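A.B. asks: The primary structure of each chain is shown beneath.
2 protein chains.
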Amino acid sequence: MTQFINRKEDIVQEAIDGLIATSGGRLVRLDGYPHIRVVMRAGWDRSRVALVSGGGSGHEPAHAGFVGEGMLTAAVCGDVFASPSVDAVLAGIMAVTGEAGCLLIVKNYTGDRLNYGLAAERARAFGLKVEMVIVDDDIALPDLPQARGVAGTLFVHKIAGALAEQGAPLHEVAAAAARVVTGTHSIGMSLDTCTVPGAPREERIAPGKAELGLGIHGEAGVEQVAYTDARSAMHMVAEKLATFTAPDVRHVALLNNLGGASVLEMAVLAHELVQSPLAGRLSHVVGPAAMMTSLDMRGFSVSLFPADAADLAALHRAVPLAAWPGMAEIAPVGTVELPDGLRPIRPLASDHGATRAFLTQCCEILIAAETDLNALDAKTGDGDTGSTLASAARALIAAMDRLPLSDHTQLYRAIGQELSETMGGSSGVLLAIFFAAAGDAASSGQSMGEALEAGLARMQEIGGARPGDRTMIDALHPALAALPQGLAAAAQAAREGADKTAAMERARAGRAAYINIEQLRGHVDPGAEAVARLFEALSDR
Amino acid sequence: MTQFINRKEDIVQEAIDGLIATSGGRLVRLDGYPHIRVVMRAGWDRSRVALVSGGGSGHEPAHAGFVGEGMLTAAVCGDVFASPSVDAVLAGIMAVTGEAGCLLIVKNYTGDRLNYGLAAERARAFGLKVEMVIVDDDIALPDLPQARGVAGTLFVHKIAGALAEQGAPLHEVAAAAARVVTGTHSIGMSLDTCTVPGAPREERIAPGKAELGLGIHGEAGVEQVAYTDARSAMHMVAEKLATFTAPDVRHVALLNNLGGASVLEMAVLAHELVQSPLAGRLSHVVGPAAMMTSLDMRGFSVSLFPADAADLAALHRAVPLAAWPGMAEIAPVGTVELPDGLRPIRPLASDHGATRAFLTQCCEILIAAETDLNALDAKTGDGDTGSTLASAARALIAAMDRLPLSDHTQLYRAIGQELSETMGGSSGVLLAIFFAAAGDAASSGQSMGEALEAGLARMQEIGGARPGDRTMIDALHPALAALPQGLAAAAQAAREGADKTAAMERARAGRAAYINIEQLRGHVDPGAEAVARLFEALSDR
Chain A
13 MTQFINRKED IVQEAIDGLI ATSGGRLVRL DGYPHIRVVM RAGWDRSRVA LVSGGGSGHE
73 PAHAGFVGEG MLTAAVCGDV FASPSVDAVL AGIMAVTGEA GCLLIVKNYT GDRLNYGLAA
133 ERARAFGLKV EMVIVDDDIA LPDLPQARGV AGTLFVHKIA GALAEQGAPL HEVAAAAARV
193 VTGTHSIGMS LDTCTVPGAP REERIAPGKA ELGLGIHGEA GVEQVAYTDA RSAMHMVAEK
253 LATFTAPDVR HVALLNNLGG ASVLEMAVLA HELVQSPLAG RLSHVVGPAA MMTSLDMRGF
313 SVSLFPADAA DLAALHRAVP LAAWPGMAEI APVGTVELPD GLRPIRPLAS DHGATRAFLT
373 QCCEILIAAE TDLNALDAKT GDGDTGSTLA SAARALIAAM DRLPLSDHTQ LYRAIGQELS
433 ETMGGSSGVL LAIFFAAAGD AASSGQSMGE ALEAGLARMQ EIGGARPGDR TMIDALHPAL
493 AALPQGLAAA AQAAREGADK TAAMERARAG RAAYINIEQL RGHVDPGAEA VARLFEALSD
553 R
Chain B
13 MTQFINRKED IVQEAIDGLI ATSGGRLVRL DGYPHIRVVM RAGWDRSRVA LVSGGGSGHE
73 PAHAGFVGEG MLTAAVCGDV FASPSVDAVL AGIMAVTGEA GCLLIVKNYT GDRLNYGLAA
133 ERARAFGLKV EMVIVDDDIA LPDLPQARGV AGTLFVHKIA GALAEQGAPL HEVAAAAARV
193 VTGTHSIGMS LDTCTVPGAP REERIAPGKA ELGLGIHGEA GVEQVAYTDA RSAMHMVAEK
253 LATFTAPDVR HVALLNNLGG ASVLEMAVLA HELVQSPLAG RLSHVVGPAA MMTSLDMRGF
313 SVSLFPADAA DLAALHRAVP LAAWPGMAEI APVGTVELPD GLRPIRPLAS DHGATRAFLT
373 QCCEILIAAE TDLNALDAKT GDGDTGSTLA SAARALIAAM DRLPLSDHTQ LYRAIGQELS
433 ETMGGSSGVL LAIFFAAAGD AASSGQSMGE ALEAGLARMQ EIGGARPGDR TMIDALHPAL
493 AALPQGLAAA AQAAREGADK TAAMERARAG RAAYINIEQL RGHVDPGAEA VARLFEALSD
553 R
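Listed in order, the protein sequences are those of chains A and B. So the first sequence is numbered by our numbering: it starts at 13 and just counts up by one. So the second sequence is numbered by our numbering: it starts at 13 and just counts up by one.
Read the hints as simulated data drawn from the structure, not as lab findings. Note that the coordinates shown come from a computational prediction; the quantities given were computed from them, not determined experimentally. Positions of the beta carbon are idealized from the N, C-alpha and C atoms, including for glycine. Check each hint, because a few of them may be wrong.
[Said to hold, decoys possible] Here are a few chain B residues that sit away from chain A, every Cβ distance over 12 Å (derived from the structure):
id: 1; residue: 187
id: 2; residue: 262
id: 3; residue: 323
id: 4; residue: 361
id: 5; residue: 391
id: 6; residue: 411
id: 7; residue: 455
id: 8; residue: 493
id: 9; residue: 495
[Claimed, not checked] No more than 25 Å apart at the CA atoms, straight line, and that leaves these computed lysine to any residue pairs for SDA-like:
id: 10; chain 1: B; residue 1: 391; chain 2: B; residue 2: 508
id: 11; chain 1: B; residue 1: 141; chain 2: A; residue 2: 465
id: 12; chain 1: A; residue 1: 20; chain 2: B; residue 2: 221
id: 13; chain 1: A; residue 1: 141; chain 2: B; residue 2: 359
id: 14; chain 1: A; residue 1: 252; chain 2: A; residue 2: 216
id: 15; chain 1: B; residue 1: 221; chain 2: A; residue 2: 21
Construct the entire structure; sequences and hints are all you get.
C.D. replies: Here it is, written out as structure tokens:
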């Protein structure tokens with residue numbers, strides 16, 4: 013699969029420069045390209061303990077995205093999935109470490125341990141105070157004495173970061189970090205592998221399978237399991253984690269997107285997490301968000317940490333980093349009652365002979381035109397314009413006894429309401445909007461002509477169609493414009509408008525917009541035809 | 013491709029409940045499942061103008077993720093890529109609208125226009141003040157009179173949201189929203205389609221191709237273009253946008269992840285954006301972040317808006333929403349000079365006959381063992397342990413004249429430095445760490461035995477191997493423990509330790525950890541053997 017990258021060799025430094033350029037001046041980097049790729053806080057004064065992390069790239073936003081006030085002081089970035097060199101780590105340490113010293117936060121991979129470890133030795137030889145914690149939160153491989161470091165690392169960054177920002181001494185920051193490492197347990201699950209730049213994607217996971225207990229470098233999971241849905245997936249993850257948590261202790265859960273799950277899926281997984289067997293052991297959640305990714309892997313991980321009050325305060329502390337999603341207390345879903353009276357109160361039914369006759373006639377005209385309009389629509393659409401209008405007309409006749417026929421102001425709205433409930437599709441909604449807006453205008457004292465014009469204007473605004481777009485408006489617009497001159501003039505204008513649609517070579521609204529010119533040419537738009545027939549019939553009355 | 017969902021019909025409401033449960037009590041929803049899915053601010057008092065947006069789902073975090081202080085008051089969520097119903101929108105409007113009124117922010121799709129439009133009419137019939145803006149920022153289809161609404165919608169949410177939060181009246185909020193719509197232009201590009209839940213993924217985009225001018229509902233782009241790299245991709249996008257921007261006006265760029273691009277790729281794209289032909293017209297950037305997605309589409313979009321000072325203030329205003337990444341001023345990448353003296357100053361060379369002879373002898377012992385150790389390693393590893401150690405020994409002999417032979421404290425560190433520069437792989441780094449730590453201990457006044465023990469301890473800490481893990485430590489650890497009783501005792505202890513490794517059925521560190529028991533059984537670990545031979549030869553001297 014193609015990716016949004018340039019040369020493979022340049023990915024890491026281009027990504028770093030992209031991050032820094034869009035950091036609003038919060039970040040700088042060491043001038044050591046291409047070998048030394050160290051992102052650090054701008055204006056760092058070395059007065060407090062420095063936190064340096066990093067490792068292989070491909071886990072973005074980790075780690076450079078977490079450099080900033082209240083979290084990391086610097087991140088040393090290796091190639092994708094490869095540890096940075098000793099020299100790069102040493103440069104990072106020396107660039108940010110003052111008398112207060114420095115804590116290295118290192119994920120438990122041999123390369124990272126060794127390179128950070130030797131860099132720490134060298135830095136100590138320069139007289140710098142350097143401590144190091146190894147994060148090994150992954151529970152996927154219970155038999156392996158050296159568990160991997162995965163997304164639980166974020167807990168260390170945040171809690172140690174808050175302490176360091178507040179001026180705690182190195183031994184205290186390091187002890188807190190070590191305590192967080194001990195308390196943190198993580199496991200991940202994935203439905204797909206990741207795309208390593210420059211390498212073909214490995215198709216290792218068959219449809220219907222998921223990998224449980226994977227790492228963040230594209231390595232295979234500990235077991236392939238049958239995948240059915242998000243609920244059972246989270247259940248498996250929760251069961252693995254449950255053995256590492258005491259039932260009576262509340263934990264913070266960090267729900268991490270491994271990169272390729274959609275935001276929608278992550279929200280579903282968040283729902284499953286708070287419904288899972290773990291739910292009773294959870295008090296807060298960080299995420300869901302992509303924090304420690306494995307490039308574009310469609311997977312997630314859950315990390316748990318039993319935070320005490322001080323830890324919670326540290327996790328809550330706001331940081332100016334878009335990559336840190338913040339922590340929230342898990343709460344039941346609050347609901348608010350539906351507003352009363354979503355259905356408008358129907359105006360009192362009333363009779364009015366002339367209005368009843370007029371409306372009935374209009375409906376009958378449309379019912380009579382059903383077959384013709386369907387035939388016309390069949391040439392340029394799906395052949396149902398006649399039926400749609402006739403059905404609505406029949407429904408309106410059936411509703412006649414409950415309409416406020418003697419209150420013309422209310423009548424428009426009532427007709428709109430009936431139409432919106434009985435007519436399907438866009439045309440039903442548009443006619444409902446037409447009558448609702450006309451009713452608004454009428455109720456504010458405008459004349460019938462003005463009210464109908466107001467309805468037309470609103471219908472155009474909402475529907476987006478204008479005269480010339482090959483819709484019913486091509487007949488309705490000239491008809492209403494001519495109405496002051498009488499029904500006959502309106503009918504003539506409607507007919508002329510409808511006939512013109514046969515020459516319109518492009519439909520610009522409605523479904524006919526997808527039909528090509530040859531199919532349209534010579535055929536009158538069925539909606540415009542309906543309007544013309546209505547005015548003609550009324551005029552002939 | 014499988015996704016982290018449960019039943020297709022439940023996705024939207026499960027995702028909403030996941031969002032609300034992890035919102036820390038900031039959000040609630042209307043009690044109208046399954047038909048009415050409205051997310052709203054908790055504790056909203058209707059004292060100010062309400063902002064209601066929404067539309068089809070599948071664009072997460074839009075829109076529910078932007079409900080909160082300073083942005084939306086409520087979001088009405090339809091099915092994936094389908095407009096919510098009139099009733100749902102009306103319920104949303106009525107739930108949040110007080111005397112100050114309500115602004116509907118609607119993306120320009122027929123279904124949304126109609127359903128929000130009719131809901132607005134109905135709400136007005138209830139006497140509510142409701143205004144509506146239609147966002148049509150997409151420039152992909154210049155011939156289409158009804159441009160689509162895409163990620164530029166976020167500018168409207170944020171600027172109108174800031175005004176409403178500050179108590180601006182409806183007409184002012186609506187006018188600002190309309191002005192933002194007019195000024196905003198967006199276009200997207202994708203390398204892959206999205207996976208609509210329950211539908212097979214359409215494989216429409218061939219490798220080496222990209223779609224330019226796509227929408228956010230999985231619809232095909234306006235053109236398929238040849239795709240080479242991120243730079244040319246951003247160039248094409250920038251050229252399309254350039255025709256809609258004046259060269260002398262500075263714009264805010266919103267860099268949106270359509271859902272499936274990795275965070276790493278988005279950072280590369282950010283780098284390309286600020287290097288693109290548009291760069292001179294940009295002052296600020298929002299993102300990169302997934303704000304208006306098309307499920308898991310591997311694509312991005314850029315939206316531009318010429319913000320004035322008031323707009324910038326509104327965009328800058330902090331909101332408690334993880335989905336809003338904030339806005340940053342675009343700045344050149346700041347660099348900091350590399351720290352001085354990353355290379356430790358070499359201690360002054362000095363001679364010392366006995367030390368030179370001892371060191372040389374050690375080296376010669378290892379050189380003599382090269383073939384044997386390689387043969388041993390070939391049985392359980394890749395057969396190079398002997399060569400690795402012999403090369404390092406030869407290099408150390410060659411370096412003898414520049415070592416501080418008469419200053420034993422400095423000598424440890426100098427040996428560590430030489431080894432780290434000449435030996436490849438983990439073992440080189442580990443030995444360097446061993447000697448560096450021993451040097452530290454020696455310089456703080458500890459005896460040779462104590463210094464070597466300190467080196468061993470640090471090597472174990474960093475490398476993670478312990479006695480019994482089938483490494484050189486199995487010989488080195490007992491040897492150093494016995495050293496106070498003399499070299500002969502140390503040699504015997506080393507030999508016993510090395511021989512024991514042949515019975516260890518599981519290697520727990522180093523490359524041999526990946527070898528199965530049958531291959532290991534009966535073979536002494538080559539690293540342990542090297543240590544044993546070294547002590548035996550020294551003892552026989």
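A.B. asks: Run every hint past the structure and note whether it holds.
C.D. replies: Right, here's what the structure says about each hint:
no., hint, in the structure
1, 187, "16 Å, holds"
2, 262, "15 Å, holds"
3, 323, "17 Å, holds"
4, 361, "18 Å, holds"
5, 391, "22 Å, holds"
6, 411, "18 Å, holds"
7, 455, "9 Å, violated"
8, 493, "22 Å, holds"
9, 495, "22 Å, holds"
10, B:391 / B:508, "20 Å, holds"
11, B:141 / A:465, "21 Å, holds"
12, A:20 / B:221, "19 Å, holds"
13, A:141 / B:359, "21 Å, holds"
14, A:252 / A:216, "23 Å, holds"
15, B:221 / A:21, "22 Å, holds"
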